[in-house]
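Novice: Please arrange chain H on chain Y, whose structure you already have, making use of the hints.
Protein sequences appear in the order of chains Y and H. Going by our numbering, the residue at position 50 of the first sequence is 50; the numbering climbs one at a time, nothing skipped. In short: position in the second sequence from 1, add 1000, done, that's our numbering.
Hints are computed from structural coordinates only; laboratory data are not their basis. Misleading hints may appear alongside valid ones.
[To be verified] DSSO-like cross-link-like pairs, simulated, lysine-lysine; straight-line CA separation at most 27 angstroms:
no., chain 1, residue 1, chain 2, residue 2
1, H, LYS1100, Y, LYS55
2, H, LYS1003, Y, LYS64
3, H, LYS1070, H, LYS1003
4, Y, LYS20, Y, LYS66
5, H, LYS1003, Y, LYS41
6, H, LYS1100, Y, LYS66
7, H, LYS1016, H, LYS1100
8, Y, LYS14, Y, LYS41
9, Y, LYS41, Y, LYS64
10, Y, LYS55, Y, LYS20
11, Y, LYS14, Y, LYS66
12, Y, LYS55, Y, LYS66
13, H, LYS1073, H, LYS1100
14, Y, LYS64, Y, LYS14
15, H, LYS1100, H, LYS1003
16, H, LYS1073, Y, LYS41
17, Y, LYS64, H, LYS1100
18, Y, LYS64, Y, LYS20
19, Y, LYS41, Y, LYS66
20, Y, LYS41, Y, LYS20
21, H, LYS1100, H, LYS1070
22, Y, LYS41, H, LYS1100
23, H, LYS1100, Y, LYS20
Here the structure is a predicted model, which is why all the values come from computation and not from measurement.
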Amino acid sequence: GAVVSQHPSRVICKSGTSVKIECRSLDFQATTMFWYRQFPKQSLMLMATSNEGSKATYEQGVEKDKFLINHASLTLSTLTVTSAHPEDSSFYICSRGRPNSPLHFGNGTRLTVT
Amino acid sequence: AQKITQTQPGMFVQEKEAVTLDCTYDTSDQSYGLFWYKQPSSGEMIFLIYQGSYDEQNATEGRYSLNFQKARKSANLVISASQLGDSAMYFCAMRVQAQKLVFGQGTRLTINP
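Just chain Y, same shape as in the assembly:
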């Protein structure tokens, strides 16, 4: 069964609003989780590393004030897209890893900003 749960799977929001995406590790207390973004017909690009109990680490070019990441517990990381705009429309997917194990992904969230 799934080991990473991501919710919602699909969301449509109006420009200027904020959207929260949740990612849960179901079988393992993950101190680190990862957020990726995938534009249509492109590959996955790492946005940030979510660290339990501390600040997230953002990849170059990713606005930390726009993409807020909270990892308040060992099983839950959230990504909030603040003041969303149409160019933020994308597929967002989280993953978590554990030593000596493949990285598992959530089912992703398709965000459409109108």
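Specialist: Coordinates of chain H only, in the frame set by chain Y:
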């Protein structure tokens, strides 16, 4: 810098044939991991197979095998006896520091009946 290259944007194969998806990588690290994921149109990322840089034998998982040639820095995925359900995007990825993954551009595989 670490990089994954997949040179085949699309592949078309007849059902029941074997198919090889190419992947080359670049890294200066001695210890690394290579993954293949399948992404159907629904978007989920399905783990297929893993090869560690120190693994001497090629990884196999059912119909999937990984042709690992370390000196050539290639990690090709071989799917035997392809099925219609194998049609999807396939991504090669390399694990870099702290569980991060770097992905290739992907190959869209289409299995024809």
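Novice: Quick one: which hint numbers does this structure break? Sort them smallest to largest.
Specialist: 7
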